[in-house]
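Start from the sequences and build out the full structure, keeping to the hints where you can.
Listed below, chain by chain, are the residues.
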Amino acid sequence: MRVLMFGWEFPPHISGGLGTACYEMTLALVHHGTEVIFVIPRAGGPARKSHVELVAAAPLAPAPDADSIEEFLNRLNIRAVDSILRPYLTDTDYQHVLIETEAIIARRLGAHSILEPVGPYGRNLIAEVARYSEAAEAIARRETFDVIHVHDWMTFLAGIRAKRISGKPLVVHVHALEFDRSGEKVNPDIFAIEKLGMEAADHVIAVSHYTRNLILEQYGIDPEKVVVVHNAVSKRNIGKVYHVPRRKTGKTVLFLGRITFQKGPDYFVEAAAKVLEIMPDVTFVMAGAGDMLPRLIERVGQLRIGKSFHFTGFLKGPEVERMYAMSDLYVMPSVSEPFGISPLEAMVYDVPVIVSRNAGVSEVLSHALKVDFWDVEDMASKILAVLRYPVLSREMLRNGRKELKAIRWEVTAERIIGVYNRLQA
Amino acid sequence: MPSICFYFQVHQPCRLRHYTFFDIGQEHHYEDDEHNGEILNKVAEKCYLPANAVLLDLLNKYRGDFRIAFSLSGVALDQFEQFNPAVLDSFKRLADTGCVEFLNETYHHSLAFIFSAPEFREQVELHRQRIFKLFGQKATTFRNTELIYSDAIAREVEDLGYKTILAEGADRILGWRSPNSVYRPEGCRTLKLLLKNYRLSDDIAFRFSNREWSEFPLTAAKFARWVHQLDNAGDTINLFMDYETFGEHQWEETGIFDFLRLIPAHILADPHFQFLTPAQVAQKSKPAASLSVPEFMSWADVERDLTAWMGNDMQNDALRSVYDLESKVRARNRKDLFHTWRRLQTSDHFYYMCTKWFADGDVHKYFNPYSSPYDAYINYMNVLTDFAEQLES
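As they're listed, the protein sequences go chains A and B. Following my numbering, the numbering of the first sequence begins with 1 at its first residue and continues without gaps. Following my numbering, the numbering of the second sequence begins with 1 at its first residue and continues without gaps.
Hints listed in this document are in silico derivations from the structure and should not be mistaken for laboratory results. In this text, all values refer to a predicted model and were calculated from it rather than measured experimentally. Take the hints with a grain of salt, since some may be wrong.
As the list claims (entries may be wrong) - Restraint ranges, calculated between C-beta atoms of paired labels, are given here:
1. A:ARG394 <-> B:ASP301: 18 to 26 Å
2. A:PRO390 <-> B:LYS222: 50 to 58 Å
3. A:ASP375 <-> B:PHE115: 45 to 53 Å
4. A:ARG394 <-> B:PHE115: 16 to 24 Å
5. B:GLY136 <-> A:ASP375: 20 to 28 Å
Stated by the list, open to error - Computed list of lysine-lysine pairs in DSS-like fashion (alpha-carbon distance at most 30 Å, straight line):
6. B:LYS42 <-> B:LYS61
7. A:LYS402 <-> A:LYS251
8. B:LYS284 <-> B:LYS61
9. B:LYS61 <-> B:LYS138
10. A:LYS405 <-> B:LYS356
11. A:LYS225 <-> A:LYS195
12. B:LYS133 <-> A:LYS235
13. A:LYS235 <-> A:LYS251
14. B:LYS133 <-> B:LYS163
15. A:LYS195 <-> A:LYS163
16. A:LYS370 <-> B:LYS133
17. A:LYS251 <-> A:LYS307
18. A:LYS251 <-> A:LYS405
19. A:LYS402 <-> B:LYS356
20. B:LYS42 <-> A:LYS370
Beta carbons: idealized from backbone N, C-alpha and C, even for Gly.
Laid out in structure tokens, this is it:
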């Protein structure tokens with residue numbers, strides 16, 4: 001089985017759940033003997049000769065164990081497309097990235113003005129997505145494969161084109177929808193691309209029942225072809241876990257994720273204020289970046305809880321691990337969360353978790369506390385309970401460790417291969 | 001001549017209200033009266049009232065040839081009085097037939113024996129008085145919460161003057177021996193031990209409406225045939241079960257009431273068989289042997305042990321915490337504080353915190369007002385924190 005996959009990000013530069021999911025899933029697929037041609041966007045600049053280039057395998061993170069590294073690299077071929085697309089970009093973000101990138105290119109070229117477009121990139125996000133899909137078509141023409149697998153809307157057009165060229169079946173994997181990201185303020189262009197992609201797909205994989213329901217209700221996709229395959233968590237790095245001594249006095253409660261509407265960071269702030277009224281020695285940490293950050297910083301000031309509430313900005317690999325290791329409790333109060341791997345990661349670091357009741361991860365996780373994101377009082381009450389009754393954390397972690405053993409990427413990969421096989425039959 | 005000994009357990013817990021950390025120090029009423037009343041009335045309509053009506057007919061019809069026993073927890077009795085006195089009246093009418101034995105247990109359906117001997121004795125005494133007042137019977141048979149039993153409990157119960165005690169007929173204590181004999185608890189001189197025949201009991205209580213079961217459907221005639229086949233197998237066939245089996249666990253549509261209605265006629269069709277209450281069985285039978293049960297056992301789950309209530313750290317922490325308050329409650333010596341403290345000892349609170357089968361979803365979930373054992377623990381500990389503060393004030 002050979003899969004042409006349009007995915008996102010590889011270590012060490014992973015900016016969120018989608019990159020992690022693509023990477024781990026691909027690793028597991030390769031371990032199951034599937035060959036993957038993995039196509040990712042990568043900002044290259046004009047030094048590159050073509051849109052498409054085979055990238056050396058060397059900079060990749062190693063596979064789980066030494067024996068399989070060779071096999072892994074043989075089975076995984078990476079094709080990078082020169083593009084500045086990244087997961088979770090909004091059009092505004094895109095304009096910033098575009099200006100920055102073109103400024104760099106212009107400097108390198110010694111250009112005097114950056115007003116003229118330099119580089120091949122689209123003038124706005126949708127244009128760039130369309131351009132990316134053209135490059136995809138070129139790859140699809142050259143490669144041989146049995147099935148096409150794409151991840152989230154920015155790659156859907158690429159998938160559709162690849163299918164048209166090759167006649168091979170298309171699997172559309174939905175990690176998040178425009179509805180999750182934007183709530184009521186849905187971008188109609190993105191919605192249209194999502195709908196188009198799912199309609200063109202032979203199978204749609206949803207990361208949770210929560211997401212599957214949205215796909216059926218909001219996009220009217222044929223339920224027959226929408227299957228749920230839950231994500232998982234990797235325990236590969238557990239040996240390297242930071243053992244940061246937790247603070248002796250006072251406890252630390254962590255929010256880690258994009259600081260956007262979707263993730264419900266504002267509810268975390270309100271809950272923090274309520275907790276601090278009762279336990280003033282608790283420290284709250286909000287790690288991540290996003291468009292709601294300025295507003296929340298202001299709100300923290302308004303609530304007069306600044307000395308107990310810290311913003312770290314965006315954290316990278318080892319910093320994330322260190323942050324988890326320092327925390328006594330992880331809270332994911334997402335408004336709309338198709339899956340949400342981060343609570344599973346927190347549990348790998350022996351941190352108990354409180355998650356949004358409707359988050360996709362809730363479907364596979366029993367040993368967590370669950371809250372309605374809007375019920376700030378209940379959230380605060382549960383935070384207090386975890387901090388005040390130490391037996392609670394112990395019990396959740398003891399049972400959670402057992403539960404985590406079953407939430408493995410190998411299982412996810414097996415189910416995906418099941419989908420591929422059905423399409424071959 | 002073997003006897004059939006029916007004992008039905010009647011219990012409804014007083015569930016706690018949703019009690020957050022922010023209620024601590026603010027709100028001192030802990031129970032969810034509305035919800036408790038709703039459930040009690042629902043179960044009364046589905047089970048207690050119709051089942052009592054069926055039994056009253058049978059008791060009147062067979063005049064002494066049909067007999068049964070009940071144990072009604074004090075917590076259930078309190079709630080009948082509070083929400084549905086008609087249920088209490090219907091039990092009194094059953095008592096008036098003279099063919100019903102009422103057993104004793106801990107008033108608050110608690111695990112008191114395990115944590116405090118004096119508290120255990122007081123709760124038994126409270127229950128003894130209540131049953132006497134309601135039904136005019138001085139109970140001579142004792143059953144402990146959830147049939148929790150051990151040699152030590154038997155000795156204590158003998159000291160309290162009881163003549164008979166009930167327990168689970170678990171394979172691991174019986175070995176090759178039969179649950180259909182009467183035993184003498186190890187270390188006791190007069191007390192007699194009756195053991196539940198769990199196969200036949202569970203055929204009714206758990207398997208009755210199970211379509212996957214090879215014996216489905218279970219008719220009274222078929223059940224009586226199985227019983228009659230046990231003719232030389234012992235003194236008594238003890239059918240112990242939750243009373244809610246009739247109409248609540250097995251719904252009326254399953255035919256459970258018809259089964260109940262027909263069972264005496266089919267059993268009594270063989271003149272070798274008779275219905276007796278536990279006290280009567282104990283009186284007519286000599287102990288076949290002494291039986292040693294050093295470790296606690298119960299009638300719960302496949303394990304038949306205490307892990308449904310004391311199987312994890314949350315449960316043990318909550319139990320330890322509530323019994324740690326004993327000396328303070330006694331020092332304050334106030335009726336309302338005793339009442340609240342004892343209600344907090346009801347075993348169901350700890351059952352809700354059970355994580356054994358949580359992820360699989362099963363019977364524990366069906367009876368659980370909380371969506372997770374963690375929520376159960378948090379709610380309970382919040383309440384207990386407030387109660388402990390009240391004891392200090």
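Structure-based check of all given hints:
| no. | hint | verdict |
| --- | --- | --- |
| 1 | A:ARG394 <-> B:ASP301: 18 to 26 Å | 23 Å, holds |
| 2 | A:PRO390 <-> B:LYS222: 50 to 58 Å | 54 Å, holds |
| 3 | A:ASP375 <-> B:PHE115: 45 to 53 Å | 35 Å, violated |
| 4 | A:ARG394 <-> B:PHE115: 16 to 24 Å | 21 Å, holds |
| 5 | B:GLY136 <-> A:ASP375: 20 to 28 Å | 51 Å, violated |
| 6 | B:LYS42 <-> B:LYS61 | 28 Å, holds |
| 7 | A:LYS402 <-> A:LYS251 | 25 Å, holds |
| 8 | B:LYS284 <-> B:LYS61 | 24 Å, holds |
| 9 | B:LYS61 <-> B:LYS138 | 26 Å, holds |
| 10 | A:LYS405 <-> B:LYS356 | 17 Å, holds |
| 11 | A:LYS225 <-> A:LYS195 | 14 Å, holds |
| 12 | B:LYS133 <-> A:LYS235 | 63 Å, violated |
| 13 | A:LYS235 <-> A:LYS251 | 25 Å, holds |
| 14 | B:LYS133 <-> B:LYS163 | 20 Å, holds |
| 15 | A:LYS195 <-> A:LYS163 | 16 Å, holds |
| 16 | A:LYS370 <-> B:LYS133 | 46 Å, violated |
| 17 | A:LYS251 <-> A:LYS307 | 14 Å, holds |
| 18 | A:LYS251 <-> A:LYS405 | 28 Å, holds |
| 19 | A:LYS402 <-> B:LYS356 | 12 Å, holds |
| 20 | B:LYS42 <-> A:LYS370 | 29 Å, holds |
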